[in-house]
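Undergrad: Residues per chain, in single letters:
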Amino acid sequence: MDDRPEKKKMTIIVFSGELDKALASFILATTAGSMGMEVTMFFTFWGLNVLKKNEGPIKSPGIMRKMLNRMNRGGTKRLHLSKFHMMGAGTAMIKKLMADSNIPQLEELMRMAKDLGVKFIVCTTSCGMMGLDVQNPEAFRTELIDGYAGAATYLGAATDAEVNLFI
Amino acid sequence: MDDRPEKKKMTIIVFSGELDKALASFILATTAGSMGMEVTMFFTFWGLNVLKKNEGPIKSPGIMRKMLNRMNRGGTKRLHLSKFHMMGAGTAMIKKLMADSNIPQLEELMRMAKDLGVKFIVCTTSCGMMGLDVQNPEAFRTELIDGYAGAATYLGAATDAEVNLFI
Amino acid sequence: MDDRPEKKKMTIIVFSGELDKALASFILATTAGSMGMEVTMFFTFWGLNVLKKNEGPIKSPGIMRKMLNRMNRGGTKRLHLSKFHMMGAGTAMIKKLMADSNIPQLEELMRMAKDLGVKFIVCTTSCGMMGLDVQNPEAFRTELIDGYAGAATYLGAATDAEVNLFI
Numbered sequence: 001m002d003d004r005p006e007k008k009k010m011t012i013i014v015f016s017g018e019l020d021k022a023l024a025s026f027i028l029a030t031t032a033g034s035m036g037m038e039v040t041m042f043f044t045f046w047g048l049n050v051l052k053k054n055e056g057p058i059k060s061p062g063i064m065r066k067m068l069n070r071m072n073r074g075g076t077k078r079l080h081l082s083k084f085h086m087m088g089a090g091t092a093m094i095k096k097l098m099a100d101s102n103i104p105q106l107e108e109l110m111r112m113a114k115d116l117g118v119k120f121i122v123c124t125t126s127c128g129m130m131g132l133d134v135q136n137p138e139a140f141r142t143e144l145i146d147g148y149a150g151a152a153t154y155l156g157a158a159t160d161a162e163v164n165l166f167i
Numbered sequence: 001m002d003d004r005p006e007k008k009k010m011t012i013i014v015f016s017g018e019l020d021k022a023l024a025s026f027i028l029a030t031t032a033g034s035m036g037m038e039v040t041m042f043f044t045f046w047g048l049n050v051l052k053k054n055e056g057p058i059k060s061p062g063i064m065r066k067m068l069n070r071m072n073r074g075g076t077k078r079l080h081l082s083k084f085h086m087m088g089a090g091t092a093m094i095k096k097l098m099a100d101s102n103i104p105q106l107e108e109l110m111r112m113a114k115d116l117g118v119k120f121i122v123c124t125t126s127c128g129m130m131g132l133d134v135q136n137p138e139a140f141r142t143e144l145i146d147g148y149a150g151a152a153t154y155l156g157a158a159t160d161a162e163v164n165l166f167i
Numbered sequence: 001m002d003d004r005p006e007k008k009k010m011t012i013i014v015f016s017g018e019l020d021k022a023l024a025s026f027i028l029a030t031t032a033g034s035m036g037m038e039v040t041m042f043f044t045f046w047g048l049n050v051l052k053k054n055e056g057p058i059k060s061p062g063i064m065r066k067m068l069n070r071m072n073r074g075g076t077k078r079l080h081l082s083k084f085h086m087m088g089a090g091t092a093m094i095k096k097l098m099a100d101s102n103i104p105q106l107e108e109l110m111r112m113a114k115d116l117g118v119k120f121i122v123c124t125t126s127c128g129m130m131g132l133d134v135q136n137p138e139a140f141r142t143e144l145i146d147g148y149a150g151a152a153t154y155l156g157a158a159t160d161a162e163v164n165l166f167i
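Chains as they are written, first to last, in the numbering used here: chain S, 1 to 167; chain F, 1 to 167; chain H, 1 to 167.
One or more of the hints may lead you astray.
Any copy will do: because identical chains look the same in the list, a pair fits if it lies in one copy or spans two.
To be verified - Computed list of lysine-lysine pairs in DSSO-like fashion (alpha-carbon distance at most 27 Å, straight line):
1. LYS66 to LYS95
2. LYS114 to LYS53
3. LYS77 to LYS53
4. LYS119 to LYS77
5. LYS66 to LYS96
6. LYS96 to LYS59
7. LYS95 to LYS119
8. LYS96 to LYS114
9. LYS114 to LYS9
What the hints contain is simulated information worked out from the structure, not anything from laboratory work.
All chains should be modelled from the sequences, with the hints used to inform the complete structure.
TA: In structure tokens:
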């Protein structure tokens, strides 16, 4: 048997598609990763928007899913603050203040997270509901995604982790 | 002493009365229940709306509580999405998409949770504030509720659980 | 070695600057404190507003941070409900209902938390972004604050705690 202490683990459910909550999620994930923790992020509901491509339309079956995916287009460049979005002015201001303070932007935090081995899991139930086909996930930046799974996979990871957050 | 491994446990604080967050709570709770985990849900603040009856007025003492319970009527049929509610159109669309994808609706998930032994606890402090009398809880679907308790009861369960979420 | 059982621990990330979520955070923190648990609260993003002074302007460097800190002024007296704020009427009503039900107001809960030894830690990253200088934190009620730290400090506490919540 291996006597080394087990790595500490964290899971984060990224439910919200808002910029400020996505930033909080990835600041925690990258910090944990750089401390040697094992981190798994589960993207669900509006949180799927964080992993959508910024370019092109999203093909989705049926008129309702087309409408939903037009309104709820997603992509890191389109995320809003949860308050003070102000038609984009507030969100742009926060991005500028982050740059001034040398805080990495969301895109950079996401790349850092991947480099640190943070796992990105996409919720299959949310995909089904929103017409984002798991078999043909043209809407997502698939190079970022480590897998597609449901709540049981999340719970398996969470029961084994020291820190579990719903953001 | 019993040598069987103890059951894994989860607690969820259902703070928000929004449909999407209620769905996330119950998808997690029913999945955990079907995996043999012990699940306790604490309904507090706006989360009380999930357990209110859909029918009839809510009797509440005093003019302010009457106003609050009229605005904040609650009941599963009245819950909104946290975004894209759009006067009800967005919320109706999500319910339709769930049905198309064979995802159980909130009502069904709640029944499944009860069948799986998930415990529903109502926060007494929130009840007091909102004029939902604990001794005469005519506003609630009492057949769903396993008990009324405060934060100390929650903390007792949470310190003993592997997974604790605030939703 | 000391044979007494270790104290149970809780951490709370106070992300939201909304009155109802702040109340939930402090009701949990004071209850845990009175049960003998060790509680650490991390104030980040909009949650910094809970610790801002109610009086005077907030000096901040640069026009954008001045604007942000004017819009996002903070202080316990200015926190809104997450719903039914209604230009202040809803928020005032909830405060009145709390008083009627003998639920302590936010200010009182914060004082109780300090008396019970709950630790208040301010997120340095958020401070940097919002122009709330860590070295000269004139915006904050510094007598309440136990320290300024980043995500690594939070994760150190969280991996050691039984209950971790993001509110």
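Undergrad: Run every hint past the structure and note whether it holds.
TA: Comparing the hints with the structure gives:
Taking the shortest Cα distances, LYS66 and LYS95 sit within 27 Å of each other only across copies (15 Å), while inside one copy they are farther apart (30 Å). Taking the shortest alpha-carbon separations for LYS114 and LYS53, only the intra-copy value of 16 Å comes in at or below 27 Å, while the best inter-copy value is 40 Å. Proximity of LYS77 to LYS53 under the C-alpha cut-off of 27 Å is restricted to the intra-copy arrangement: shortest distance 9 Å within a copy versus 34 Å between copies. Taking CA atoms no more than 27 Å apart as the test, LYS119 paired with LYS77 passes inside one copy only; the shortest distance there is 22 Å, against 36 Å between copies.
For the homomeric pair LYS66 and LYS96, the shortest alpha-carbon distance between copies (14 Å) is at most 27 Å, but the shortest distance inside one copy (33 Å) is not. In this homomeric assembly, LYS96 and LYS59 come within 27 Å of each other (Cα to Cα) only across copies, at 19 Å, whereas the closest approach inside a single copy is 32 Å. With identical chains, the CA atoms of LYS95 and LYS119 are at most 27 Å apart within one copy only, with a shortest distance of 25 Å there and 30 Å across copies. For the identical chains of this complex, LYS96 and LYS114 are intra-copy neighbours only, at 24 Å inside a copy versus 36 Å across copies, given an alpha-carbon limit of 27 Å.
With identical chains, the CA atoms of LYS114 and LYS9 are at most 27 Å apart within one copy only, with a shortest distance of 16 Å there and 30 Å across copies.
Taken one by one, the earlier hints all hold for this structure without exception.
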